[in-house]
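A.B. asks: Residue numbers (my numbering), protein chains in the order written: chain A, 14 to 308; chain B, 14 to 308; chain C, 14 to 308; chain D, 14 to 308; chain E, 14 to 308; chain F, 14 to 308.
Honestly, the hints are just simulated from the structure, not real lab data.
Each hint should be verified, as a subset may be incorrect.
BS3-like cross-link-like pairs, simulated, lysine-lysine; straight-line CA separation at most 30 angstroms [as the list claims (entries may be wrong)]: (1) C/K19 with B/K206; (2) C/K74 with B/K221; (3) A/K161 with A/K187; (4) D/K221 with E/K227; (5) B/K19 with B/K47; (6) E/K187 with E/K227; (7) C/K187 with E/K206; (8) E/K19 with A/K161; (9) F/K206 with A/K206; (10) E/K19 with F/K221; (11) F/K161 with F/K206; (12) B/K46 with B/K74; (13) A/K242 with A/K74; (14) B/K206 with E/K206; (15) D/K67 with D/K19; (16) A/K187 with C/K67; (17) D/K242 with D/K187; (18) C/K206 with F/K206; (19) A/K187 with E/K187; (20) F/K187 with A/K221; (21) E/K19 with E/K45; (22) C/K206 with E/K46; (23) A/K19 with B/K19; (24) D/K242 with D/K161; (25) B/K67 with B/K47; (26) D/K19 with C/K206; (27) A/K221 with A/K206; (28) B/K242 with B/K74; (29) E/K227 with D/K206; (30) B/K187 with F/K187; (31) E/K19 with F/K74; (32) C/K227 with B/K206; (33) B/K206 with D/K206; (34) F/K227 with F/K187; (35) C/K206 with B/K206.
Distance ranges between label pairs, derived from CB positions [said to hold, decoys possible]: (36) C/R234 with D/K221: 48 to 54 angstroms; (37) A/D238 with F/G26: 53 to 59 angstroms; (38) D/S257 with E/S68: 31 to 37 angstroms; (39) A/K74 with B/M109: 43 to 49 angstroms.
Predicted model only: the values in this text are computed from it and were never measured.
Here a beta-carbon is modelled for each residue, glycine too, at the ideal position from N, C-alpha and C.
6 protein chains.
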Amino acid sequence: MEVLAKQTPGFSGADLANLVNEGAILAARRGKKKITMHEMNEAVDRVIAGPERKSRVISQKEREITAYHEAGHALVGFMLPNADPPYKISIIARGMAGGFTRFLPEEDRHFHTRSQLLDRLAAMLGGLVAEELVFGESSTGPSDDLEKATRVARQMVTHWGMSERLGPRTFGRKEEMVFLGREISEQRNYSEKVAEEIDEEVRQIIDKAYHTAKKLITDHRDRLDSIVKSLLEEETIEGEALASVLNGGDVPPRPETGGDAVPPSGDGEEKPQKPVQQPKPGLAWDSPTVTDPEV
Amino acid sequence: MEVLAKQTPGFSGADLANLVNEGAILAARRGKKKITMHEMNEAVDRVIAGPERKSRVISQKEREITAYHEAGHALVGFMLPNADPPYKISIIARGMAGGFTRFLPEEDRHFHTRSQLLDRLAAMLGGLVAEELVFGESSTGPSDDLEKATRVARQMVTHWGMSERLGPRTFGRKEEMVFLGREISEQRNYSEKVAEEIDEEVRQIIDKAYHTAKKLITDHRDRLDSIVKSLLEEETIEGEALASVLNGGDVPPRPETGGDAVPPSGDGEEKPQKPVQQPKPGLAWDSPTVTDPEV
Amino acid sequence: MEVLAKQTPGFSGADLANLVNEGAILAARRGKKKITMHEMNEAVDRVIAGPERKSRVISQKEREITAYHEAGHALVGFMLPNADPPYKISIIARGMAGGFTRFLPEEDRHFHTRSQLLDRLAAMLGGLVAEELVFGESSTGPSDDLEKATRVARQMVTHWGMSERLGPRTFGRKEEMVFLGREISEQRNYSEKVAEEIDEEVRQIIDKAYHTAKKLITDHRDRLDSIVKSLLEEETIEGEALASVLNGGDVPPRPETGGDAVPPSGDGEEKPQKPVQQPKPGLAWDSPTVTDPEV
Amino acid sequence: MEVLAKQTPGFSGADLANLVNEGAILAARRGKKKITMHEMNEAVDRVIAGPERKSRVISQKEREITAYHEAGHALVGFMLPNADPPYKISIIARGMAGGFTRFLPEEDRHFHTRSQLLDRLAAMLGGLVAEELVFGESSTGPSDDLEKATRVARQMVTHWGMSERLGPRTFGRKEEMVFLGREISEQRNYSEKVAEEIDEEVRQIIDKAYHTAKKLITDHRDRLDSIVKSLLEEETIEGEALASVLNGGDVPPRPETGGDAVPPSGDGEEKPQKPVQQPKPGLAWDSPTVTDPEV
Amino acid sequence: MEVLAKQTPGFSGADLANLVNEGAILAARRGKKKITMHEMNEAVDRVIAGPERKSRVISQKEREITAYHEAGHALVGFMLPNADPPYKISIIARGMAGGFTRFLPEEDRHFHTRSQLLDRLAAMLGGLVAEELVFGESSTGPSDDLEKATRVARQMVTHWGMSERLGPRTFGRKEEMVFLGREISEQRNYSEKVAEEIDEEVRQIIDKAYHTAKKLITDHRDRLDSIVKSLLEEETIEGEALASVLNGGDVPPRPETGGDAVPPSGDGEEKPQKPVQQPKPGLAWDSPTVTDPEV
Amino acid sequence: MEVLAKQTPGFSGADLANLVNEGAILAARRGKKKITMHEMNEAVDRVIAGPERKSRVISQKEREITAYHEAGHALVGFMLPNADPPYKISIIARGMAGGFTRFLPEEDRHFHTRSQLLDRLAAMLGGLVAEELVFGESSTGPSDDLEKATRVARQMVTHWGMSERLGPRTFGRKEEMVFLGREISEQRNYSEKVAEEIDEEVRQIIDKAYHTAKKLITDHRDRLDSIVKSLLEEETIEGEALASVLNGGDVPPRPETGGDAVPPSGDGEEKPQKPVQQPKPGLAWDSPTVTDPEV
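Based on the provided sequences and hints, a complete structural model is requested.
C.D. replies: Printed below as a string of C-alpha cells:
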C-alpha cells in the first residue's frame, strides 16, 4: 500500500478507485484471481499516461531521440539540488506520448521557492538540450516542455514578483469567462514598454535555465550515454536501477539542497555525489514527449 | 455577543446565521448541549477561511516560511501609524490557505485616505519582504498579496486621482458585461504614452511600500523572530498574547496616527511604542497565504 | 406645489408619483392624516439619494472629511459665474453616499456652452481640492467626481469640438450593443498619435478646472471653514440658510455671469458679492460622496 | 400634390401613408372635415422631426444661440455653389431638436462629387462657426453636426479615394454583425502609420470646410444678423420669405455652380448675387440642433 | 442556347432555372406565347443586376459621369493584353447600380497570374480615372471599384506571395466565425512593422494600376469620347457594336497577350490594334456603378 | 492489401471502410462483380482529393502551369535528403484542386527534426518557384502552399524553439473557443518588439527554403521539363514510372540523409543519384493546387 501511495501523489479518491479498477481489469485479462503489485504498477502508468501502444512502429532514430530526450530531463533533474529528483523513465509509447520522465519531490510541497522553480525549469529544458547536443538539432518533440517552461517563467515575472527589474507586483488581469465553461483569458493591463520588459525577463530566466542544463549535460555526457544505453535495453527504469544508473561509475552524488541552482563545476572534475533516496510522495510532475499532429 | 460582533465586521445577516449554525454543528460533534465561546471562535475561522486541514502534511521548511510570511504582515501592519492593526495570526492550514493574518481598523471606515492606503500596501508586502530577508528569496506564496497590492496601487493612480503626475482624473472605462453574470472588463480609453505613465506611477507606489516594509522588518528583525517562535509553538496568536509579542522586549509602541507613513528611524534606535488596543470592529481584511496549484 | 416643482427638475410623471407615495408613507409612519411639506421634503431626498442611514457609525474624522468635501463643491459652484449655484448641502449618509451637494441652474438648459462646462468642472473638483488643502491629502471619496469630470472633459475634446488643437470633429465611434441591453462601447477609430493629443487636451482642461477650484478655495478658506462649521452642526443646509453662510461675513457676492471662468482676484482683496437667489428649476446635478467598497 | 412631393424627397410609400395619416389627425383635432395644405405642411415637420414641444421653456439666450446656429447652416449652404440650398429654417423645438435647417439639392442625386461634399461639409460646420463668431465660444449643440461631418470627411479619405496622399483605395473592413441586428463594426486592416495619415487627411478636409464657413460668415455677418432677426420673430422661415432674407439688402446672389468651393472674395466687396430658386426635389438633409442629455 | 451559355458563366443550375423563369415572366407580360431571345437577354441583365429602374430621374450631369465611368472601365480592359475584354456596357439604372460594364475572359480560368491581376486592377480603376480626367474630380460612384481593387491588391501581397519585398508567405489568420453565419474575420498575426510594409506594397500595386489606366485613357481620350457618345445615345452597347466602337477610327487593335501589363507607348503614337473577338465563356466580372446611400 | 496500406497512411477505420465502399461503387458502375486493384487505386484518389472533374475545361496554358507547379514540388522533394520523397503526381482536376503531388516518408514519423522541416518547406515552395522560373511570374495557385509553409515556419519559431534568436520558449497562448465548435484562436502574449523578431525569423526560414528550392530547380531544369512532358502526356505518374522520370538521364540519385538541407552543388555538375525506393507508409502529405474562388 505504501509503495502505491508514494507513486500516486495528488490522486483524488476517484483517481484511486479508477486505479484499482484498472488493476483488476489487468489481472482478469491475465487470468489471475488476485491483483498483484505487478498489475498495480502497470495500472499507475495507464491511469497517468494512457495504455501502452505496442503496435506503434517507431524507427530506431526516433527511439534514440526519445531516449536522449528523457535521459536529458532525468539527468538535469537529478543533478540540481533544488529540483525534484526523477523516479521513473520510460520510452514506451503511451497515449499521445512517446516516453516520459516522472519526478517526485522529497517532501510535500504547497508552494515553491524561486530556486526550486529555476532548477525545475532547467530540468524541463533538459530534453531539448540533450537532443541539440547529441544530434546537432532539436525536434518538434519538446514543444510541450517549452510551453510549460514558458508558462512557469512568465508566472515568475508576472505573478510571483520574482523579477527584480519589474518588482513585487502582478501584471495582467485574469478574466474567467464563465459563459465559456472553464476558459480563462488574460487582459493586458500594462503598457507596451512593460510588455517588452516582461519578454526580456522571461527570456533571461529561460536562458539561465537553458545554460544550466547545457553545462550539466555537457559535463556529464558519459552518464547521459549510460542512461540512454540502459533505456534502449530496458525501455523503463525506476527505483534502485534508476538510482544506480544516475550514480553510475565515477558520477558524483547529488549535492545537498543549497541556495544556488548552478552546481559547482569549476574545472569540471569535482562531481557531486548523491545517494539514491527513495523519493517521498509530493507534487509530482511529468515530462512526456508528445508526438506532434500539427505538422 | 460583543466579542463575536467585533470578530465579524462586514458580516451580513445570512453570514451570521451561517456562523451560529457552524457553531451548533461543532458543539453537537463534541457532544455538548450548549454552544460555548470555544465553538463560536472556531466557527468564525471556519466561515472566513474554511475548515482546518489537519491531515495535510506540511514540511518544517514550509511551516517556517509560512510563519515568517504571516509575521511579516503582522509586524508591518502593527508598526505603521495609518495601517489597520493585526488582531489574529495563524499558520494552521484552512481551505486553500496555509495561514493568515487578520487586520481590523480601530474605527469604522467608509473611505480611505492616501496615507492609509500606502501603509496598508506596506503591510500587504510585509509577507514577501520577510521571506526575502530571512530566506534570501521569495516563494510563490505571496501571489495573492501581490495581486491585491497591484490592484490598490493601480486604483490610486487610475480612479482616486492620487498621482500628481497623472492628475485628478480617471483612466479606463468600466464595462459591466451584464450577460456574463458579474464579470467586469475595463476598456482602455487612453494612449500608450499614458499607459506607460500609469505603469511608472504604480511601480513607484509599490516600490515605496516595499521599502517601507523592508526598513521596518530589517530594523525589528528580533521582534519578527520572536513572533515566528511563538507562532511555531502556538500556531495561532490573538488578543492579549498577540499584543504582548508585538510589543515584546524593548520594542517601541505603535506611534500615534500622523501624516507620514514612513516611521521615524534616523539611526535605527528610537523605536515606536504601541500599547495593544482591543481592536474595534470595522472593515477587516485577510492576508491568507495561498498554496499554488498553478506550477 | 411650486416649491416642490423647483426641487424636482427632470422628474418624470412616474418619479413624481413615486415622490408623493413616499411622502404618504412617511406621513402614515408618523401617524399624520395629511402629508405636510415636511414629509414631502424628506421624500425628495429619499427618492434622489435613498433612505437615511442613521444607524451607520461614522467617525469624527470621516464626518469632517465629508463636510469639507461637500463645502468645497458648494463654495466653488457658488463663486463661479457660469456654474450652477448650489441649493442644498447635506452630510447625512443616504444609500451609498456619505453626503451630497445639489446644484440647480438659474434657468432651464438644453445645451451647455464651453464656459459653463469649465465652471462646472471646477465645482466637480472642489471636493477633492478641499480635502487636499485641509488635510494635506485626498481620500477615495472623490472617485465618482473624478469619473464624471473626466467624462465631461473628454466629451469636450472628442464630441463637442471644444479643443482648438484637435479641431471641430468627433473622435471614436459609439457602438450601441443592442444585445447587451443598454451597454455602449466606443470603438477607437483614430491613431495612437491622436490618442495622445486627446489625453493631453483632457489633461489641460482638467488642470485648468483644478487650479480654478484651488485658487477659489485658498482665497476663501475662511468661508469654507464657516460652511463646514454650520454643516457639522446642522447636517443639512439649504435655502436662505445656505445663502447666508455662502455670503457670510466679508465674503464677496457671486459675480455676474461673464465670459471668463476665473474670478477676478488680483491681490486677493476684491471679493465678488452675490445676493442669494432663489434657484429656478433646471437641469440639476448631484455630487454625492460615495463610500468605496473597492478597497 | 407637387408641393408636397417637393418637400418629401426620399420618402417611402409607408412614409407617405404616415404623412397623410398625420395630416388627417391634425385636421380632425382642429375640427376640420378636410385636410388642408396647412395640416399637410405641419404633418411633414411632425414626420421628419417629431411633434412641436411648445411647453418647453427655452431661455432667451438659448433661443438666440439656436437661431444663430441655424442661420449659420443656412447662410453657408446658400452661398456655396456646390452645396444644396436651404429651403426651410426653424427654431421651434421638435422631438429632441431645438431647431433645424433643411436643404434640398436642385436635382436628384445618386452620387456626390468631391466639390459637392466639400461644400456640404462647410454648411454642416456653419452652425458651430456662427456660434463661435457671435458668442466667442461654441456649445454642445453642434455635436451631431460634428459627428456627421467627421463621418463624411472620413469616408472621402477611406472609401471614396478622394485623398491624393492615400490614393485610390479603401481602408478598413466592414463587418456586418448579423447577429447584432444592424450593427456594423469596422475592422482596422492597416498600419498605425496609415491611421495617422488618415487622421491628418480628415483633419485637413475638416479644416478647409471650417475656414470656408468662417470666411463666408465673417464676410456676410450683416446678413447672418438679418436672418436671425427674422427667425426670432417668425420662428420658421421658408420659400419666398427665406429667399428674400438670404438675398436681403446688398447681399450678392448665389454664384453659378463652378469648380471651386471657395467663393470669390478678394477685397470682401464683390458679392455673388443669387436669385432664389424654388428647390427641386432630391436628396435632402437635415441639420437639427440636438439638446444634449449627456452632460 | 450557346449564346445564352456564353452570357451566363458561373451560373449554377438554380441560377439558370431562375433565368428561364424571368424570361417566361417577361414574355407573359408582353403577351407572347413563346420566350424569344429578346426576353432571355433582358432576363440575363435582370438576374445579374436587378430590374431596370426607368422611373428613376437622372440628371444629365450624372448620366454623363456614369457614361464616362463605364467607358473608362471598358477602354482600359480592352487595351490591356492580360485583362479580360469587355462584352457589354450599359448606363441603364438597375437595382442599386447606375450602370455596368461586363467583362469575360477569352477562356475558362481556374487561377490568375500576376500580370492578369495587374491588368484587371487597371481596368477596375478605369472608371475613377476617367471621371478625374474628364471632370477634374471623382465622385462617390467608384467606391465599390476601390473596395474590390484594394481587396485584390491586398490578396496579392498577403495571400499569393506576389510582393518580392514581403516574400512567398501569407499574412493574417482567417477565422471563420461559424456562429455568425458566414462572417469571416481576419486575425492580425504579424508585427506593426510588417503591417506598414503591407500598406506600402498595396499602395505600390494600386499606384501602378492607376498610372497604367491614366496613361491609356489620356492617350486614347478621343476613343473614350466616342464610346461615351454612343453610350449616351444607345444606353447599352454589346457584341459587334461594342467591338466597333472600341476599335473605332484610327484606334489600335488590342495587342497580343504578353508579359508586361504596360502597353508600349514610347512617343504616344504607336497604337495597339486589336480585332474584336467574340468572347468565350469564363469567369466574368461586373463593374457596376453603385449609387451611394451613405452620404 | 499491402499496396493499399502503403497508400493510405493515417487512415482511420472509418476512412478505410469508406475507401472500400467507394471501390465497390466504382466496380458496380463498371459492371464488375469483383473490386479489382484498379478500382481501389481510383477509390484512394477519390477519398483523398474528391472525384475527377473530367468535364472541367482547362486551357492549355493552365494545364502547363499546373504541370510545372506539381513537377516543382516533386523535384525538390525528391532531391532533398531530409524531405519525404514523392510517390504520385497528377494534373487531373479533382474537387477544388487542379492537381496534386503526394509525398510519403520512408518510415513512420511521430515528430520532425529541424532539418526535416526545412527540407519539407523547400518542397512546399517548389511549385511557386517552378512557376516563377518557367513563366517569369507566379499565379494564385500556390496560395495554399504558402499558407501551409508560413504555418510551419511560424511554428518552428513560436512553438518548437527552433529560432536561436528567440530561444527555447513558446509565444502566443492558444485559446480553444469551446462555444465556437473547434475554432482555435491565439492570443498575443508578447510585445511588439518580439512580434517583429518573430516576423524576421519566419522570413529567414521561408527565404532559406525558397532559395534551396530555386537552386535545385535551376540546376535541374532539364529534369523538370522531362517530368512536365511526361505529366502532360500521362496526366498521372507514380511508382516505377515516377522513379524513372525523377532519376531520368544523367540525373543524380537522391543523396543519403545527412545534416545539411542544401544539396552539394559547387559547380552545378556533381549530381546526387538516388535509386527509387518503394516508399514505406508514414505521415504522408498532399500539395494540391487549389483553384481560387477569391478573385
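A.B. asks: It remains to establish, for every hint, whether it holds in the given structure.
C.D. replies: Cross-check of the supplied hints:
1. C/K19 with B/K206: At roughly 46 angstroms apart (the allowed maximum being 30 angstroms), B/K206 and C/K19 break the hint.
2. C/K74 with B/K221: holds, 26 angstroms
3. A/K161 with A/K187: holds, 18 angstroms
4. D/K221 with E/K227: holds, 28 angstroms
5. B/K19 with B/K47: holds, 22 angstroms
6. E/K187 with E/K227: Violated, because 35 angstroms separates the two Cα atoms, which is more than 30 angstroms.
7. C/K187 with E/K206: holds, 29 angstroms
8. E/K19 with A/K161: With a Cα-Cα distance of about 60 angstroms, the restraint between E/K19 and A/K161 is violated, given a limit of 30 angstroms.
9. F/K206 with A/K206: holds, 10 angstroms
10. E/K19 with F/K221: Cα-Cα ~46 angstroms, so violated.
11. F/K161 with F/K206: holds, 25 angstroms
12. B/K46 with B/K74: Not satisfied, since the Cα-Cα distance of roughly 41 angstroms exceeds 30 angstroms.
13. A/K242 with A/K74: Holds - the C-alpha atoms of A/K74 and A/K242 are around 14 angstroms apart, at most 30 angstroms.
14. B/K206 with E/K206: At roughly 19 angstroms apart (the allowed maximum being 30 angstroms), E/K206 and B/K206 satisfy the hint.
15. D/K67 with D/K19: Holds, because 27 angstroms separates the two Cα atoms, which is no more than 30 angstroms.
16. A/K187 with C/K67: violated, 39 angstroms
17. D/K242 with D/K187: violated, 46 angstroms
18. C/K206 with F/K206: With Cα atoms ~19 angstroms apart, C/K206 and F/K206 stay inside 30 angstroms; holds.
19. A/K187 with E/K187: holds, 26 angstroms
20. F/K187 with A/K221: Measuring from Cα to Cα gives roughly 26 angstroms; hence the hint holds.
21. E/K19 with E/K45: holds, 25 angstroms
22. C/K206 with E/K46: violated, 69 angstroms
23. A/K19 with B/K19: violated, 45 angstroms
24. D/K242 with D/K161: holds, 28 angstroms
25. B/K67 with B/K47: holds, 25 angstroms
26. D/K19 with C/K206: Roughly 46 angstroms between the alpha carbons, so the hint for D/K19 and C/K206 is violated.
27. A/K221 with A/K206: Judged against 30 angstroms, a Cα distance of about 23 angstroms means the pair holds.
28. B/K242 with B/K74: It holds: about 14 angstroms lies between the C-alpha atoms, which stays within 30 angstroms.
29. E/K227 with D/K206: holds, 27 angstroms
30. B/K187 with F/K187: holds, 26 angstroms
31. E/K19 with F/K74: holds, 21 angstroms
32. C/K227 with B/K206: holds, 27 angstroms
33. B/K206 with D/K206: Roughly 16 angstroms separates the two Cα atoms, so the pair holds.
34. F/K227 with F/K187: Not OK: F/K227 and F/K187 at ~35 angstroms, beyond 30 angstroms, violated.
35. C/K206 with B/K206: holds, 9 angstroms
36. C/R234 with D/K221: 48 to 54 angstroms: holds, 50 angstroms
37. A/D238 with F/G26: 53 to 59 angstroms: Taking Cβ atoms as reference, A/D238 and F/G26 lie about 41 angstroms apart, which means the hint is violated.
38. D/S257 with E/S68: 31 to 37 angstroms: holds, 35 angstroms
39. A/K74 with B/M109: 43 to 49 angstroms: Distance hint for A/K74, B/M109 holds at roughly 47 angstroms.
The structure does not agree with the numbered hints 1, 6, 8, 10, 12, 16, 17, 22, 23, 26, 34, 37 stated previously, though it agrees with the rest.
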